[in-house]
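**Student:** Take the given structure of chain Y and dock chain D to it, following the hints.
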Amino acid sequence: MKKQPNYPKTGIFLIFLIGFLIGCPFFLPTYWTFILGEILIMALFSMSFNLLLGYSGLLSFGQAGFFGVGAYAAALLILKGWQSLSLILLVGVFSAALAAVVIGFLCVRRDEIYFAMITLGFGMMLFTIAHNWIELTGGSDGLPLAALPTLRLPGLELSLFDPRNMYLFILAVFLAGIFLLWRLVRSPFGLILTAVRENKERLAFVGADVRMVRLTAFTIAGGLAGLSGALFCLFNSMATPDFMHWSYSARPILMTILGGSGVFLGPAFGAAVFFLLEQVITHITDNWMIFLGAILIPVVIFFPQGILGTIVKYFDREQETDRQ
Amino acid sequence: MTNVPILKIEHLGHAYGKFQVINDISLEIPKGELTALIGPNGAGKTTFYNVVSGRFPPSKGKVFFDGQEITGRPAHKIVPLGMLRSFQITNIFPELSVRENVLIPLLLQHRRGYTFFRPLSREKQLYQKADEVLSKIGILEYGDKPARELAYGDKRLVEMAIVLARKPKLVLLDEPTAGMNPEETERMILLIKELAERFGTTFFLTEHDMKVVFSIAKQIFVLHQGGLLATGTPEEIRASPQVREAYLGGGTIKC
Chain Y
1 MKKQPNYPKT GIFLIFLIGF LIGCPFFLPT YWTFILGEIL IMALFSMSFN
51 LLLGYSGLLS FGQAGFFGVG AYAAALLILK GWQSLSLILL VGVFSAALAA
101 VVIGFLCVRR DEIYFAMITL GFGMMLFTIA HNWIELTGGS DGLPLAALPT
151 LRLPGLELSL FDPRNMYLFI LAVFLAGIFL LWRLVRSPFG LILTAVRENK
201 ERLAFVGADV RMVRLTAFTI AGGLAGLSGA LFCLFNSMAT PDFMHWSYSA
251 RPILMTILGG SGVFLGPAFG AAVFFLLEQV ITHITDNWMI FLGAILIPVV
301 IFFPQGILGT IVKYFDREQE TDRQ
Chain D
1001 MTNVPILKIE HLGHAYGKFQ VINDISLEIP KGELTALIGP NGAGKTTFYN
1051 VVSGRFPPSK GKVFFDGQEI TGRPAHKIVP LGMLRSFQIT NIFPELSVRE
1101 NVLIPLLLQH RRGYTFFRPL SREKQLYQKA DEVLSKIGIL EYGDKPAREL
1151 AYGDKRLVEM AIVLARKPKL VLLDEPTAGM NPEETERMIL LIKELAERFG
1201 TTFFLTEHDM KVVFSIAKQI FVLHQGGLLA TGTPEEIRAS PQVREAYLGG
1251 GTIKC
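Line by line, the protein sequences are chains Y and D.
Taking the working numbering, the leading residue of the first sequence gets 1, the next gets one more, and so forth.
Taking the working numbering, the leading residue of the second sequence gets 1001, the next gets one more, and so forth.
Chain D extracted, bound-state conformation:
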């Protein structure tokens, strides 16, 4: 069973009206392999993520997660299987405390979402788990603060904590370092690497910062005008004339 890819996409396509945003994409991601999806703006990366993660159903094609077909399932039915995602624009619960932000996925995972009468404060175990996640991400000190009060980079870490709380098998990260300063970017990269190594979580991320991509990805997919342009290791992608063509009209990829 270890050979089953964590994610397998077959001939995936999505159109808004007549405009084909992504077209006939097929790919596989082996378990544990840190994978990146790159491509110029408007290549269809976010649409691809939205279709895979269940934000909306694809017009064509199939999605398999860990050997199970999940095509067209809504997000809340995909998440329990172990696939979670982050968003390009930080997506957290701003008025709630950082700890509560992490508690929410834990409550749902442990089927406490419909507990009506027992006080939340009795869920000691879940509070403890939430704190473990926060300390793993390095934001435990902000536990009691409303999430909106945190600095931008820390808010992105809160979203990471939300995503990781349910111990997912696969995490889709949509531009995890977008808008971060170099120091925060460095911290995020280290964190992703560490989590991938220590917990065997598979990360699949999009990124426009090539430095980030080439420093952590083992496998890279290049998306161009809605189609898959190239697949390979960082070295292969860097050397690919097609990729250079797509990105810079024949120049070099800055990295």
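For reference, chain Y alone in the conformation it holds in the complex:
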């Protein structure tokens, strides 16, 4: 997690990866452009979740609640006729962060299973609000959007109904989100976060207010979940209560475990694997969750650090032996 500086190859690899991601919609069929867009959104969602699990050691079962708050905030603003995409995303982030700060205030007092259960409870409450407050949220039908704001760049106006434009817009927001997270985990605050995971008692006894550190992390993770939710609302041209269902909170957990919570890009890798498997397996059978389970179980048993985590560890060891 902290060794990246001695990896000049990683930098080159990342530039190629970003280039590849930008190029994708120009040679992939439209269908796959859509899938890739969804992967990017879920990757950002999972990585924001991993700020809690991997870095702070907190397992939240309620992240879909904040994802949904972001989605509904975006949908409501678009229905009101807001035209600025950046403002819509920003309000999505802040409303989700606000929900996270209020809910987090009550959650961060507890650890482990208790924390997980409280976040699950609040997640379900948010779902119920979205589902039953029909006047605001449209109930189980959600809020379908007939029109999306156009993407305005200097000298350029692009429709988000064009899948290619939508994908590139998602990619840009995704990269911005990842950059933020990257800076965050490498900052002094990032080290304090890992210290919460490692030993919260020792941390309190060198002068940190552990609840406050956790609440800050919870708020940031909630805000970024809201960003992914707002993107997902644009992507689907709607917000529905399904986004907030507790089973939706399980997705970032699955993706993170699949990819590896100990590596920065692990959850994003997990998201990609998740969707690619879904695509491949649903071609063969409708019961793809059985196969996901059949893959997840050996991963957890034999590669507890996740797929990317295991790969990175393998290369680390190679480098280590090279040096000796």
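Any given hint might turn out to be false.
[To be verified] Once the Cα atoms are required to be at most 27 Å apart in a straight line, the calculated DSSO-like pairs of lysine-lysine come out as:
id, chain 1, residue 1, chain 2, residue 2
1, D, K1008, D, K1167
2, D, K1008, D, K1193
3, D, K1169, D, K1136
4, D, K1211, D, K1062
5, D, K1062, D, K1167
6, D, K1136, D, K1031
7, D, K1018, D, K1060
8, D, K1169, Y, K200
9, D, K1031, D, K1169
10, Y, K200, D, K1124
11, D, K1077, Y, K200
12, D, K1218, D, K1008
13, D, K1077, D, K1060
14, D, K1124, Y, K9
15, D, K1145, D, K1129
16, D, K1218, D, K1169
17, D, K1008, D, K1018
18, D, K1136, Y, K200
19, Y, K200, D, K1167
20, D, K1077, D, K1167
21, D, K1062, D, K1077
22, D, K1167, D, K1031
23, D, K1062, D, K1169
24, D, K1169, D, K1008
25, Y, K9, D, K1145
26, D, K1218, D, K1167
27, Y, K313, D, K1145
28, D, K1060, D, K1031
29, D, K1145, Y, K200
30, D, K1129, Y, K200
[Claimed, not checked] So, partial list: chain D residues that the calculated Cβ filter (under 7 Å) puts toward chain Y:
id, residue
31, N1091
32, F1093
33, T1115
Worth flagging that the hints you see were computed from the coordinates, not collected in a lab.
Model, not experiment: these values are computed from the prediction.
Just so it is clear, CB atoms sit at the ideal spot from N, CA and C, and this is done for glycine as well.
**Tutor:** Same frame as chain Y, but now just chain D:
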């Protein structure tokens, strides 16, 4: 102001339900005086430390640190005043490097804990300070190693480095030599003595190894069944019939 005791305890008591673990303890520790708290197992030493250091509030009594009342304050509000502690069971950040272990208290002391966007690697001054602390404790060579990979005695030194990084006025050490071999114990004693002399840090330690206690403490408090049984210099404590009674049912203290 030099006469203000660094730590002053008034009628401190703590109960778990109806069970009184510590009862009506009053004591003072003058600045710079290496003090020890001894007592048989279950006398309430660790509970006493927990209450004083803010792990939980006392049921009764008051705690003053450097003239300021701190009764019932949580640990993170006591630490910045200059009181830090170690634990009986080594308490470090195992997966982080030894250097990062020491960097954490320094970041907090210099209010960098909530710096979100500036890379940690820019905190050159703090890295330098961390290395100074590590070399003072004698574990600089392990700086890049994950703390979990160190030998047991060295892990205890890492905890010492964590505790000392913020330049505390008072350090509570809960059995600093517990589980150490004679050589490591010797090294720890020398270190404590040296730090006390060179930096004027006041150490207040519990210890079950009487040899350690009598070799370094200037003042000793004896805790027995939750109450303060005796106070005095090592000579006075050694000669006290009450203390012998409490420890060995009338025998001598092995030392």
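**Student:** Tell me, in ascending order, the numbers of any earlier hints that this structure violates.
**Tutor:** Of the numbered hints, just 4 does not hold.
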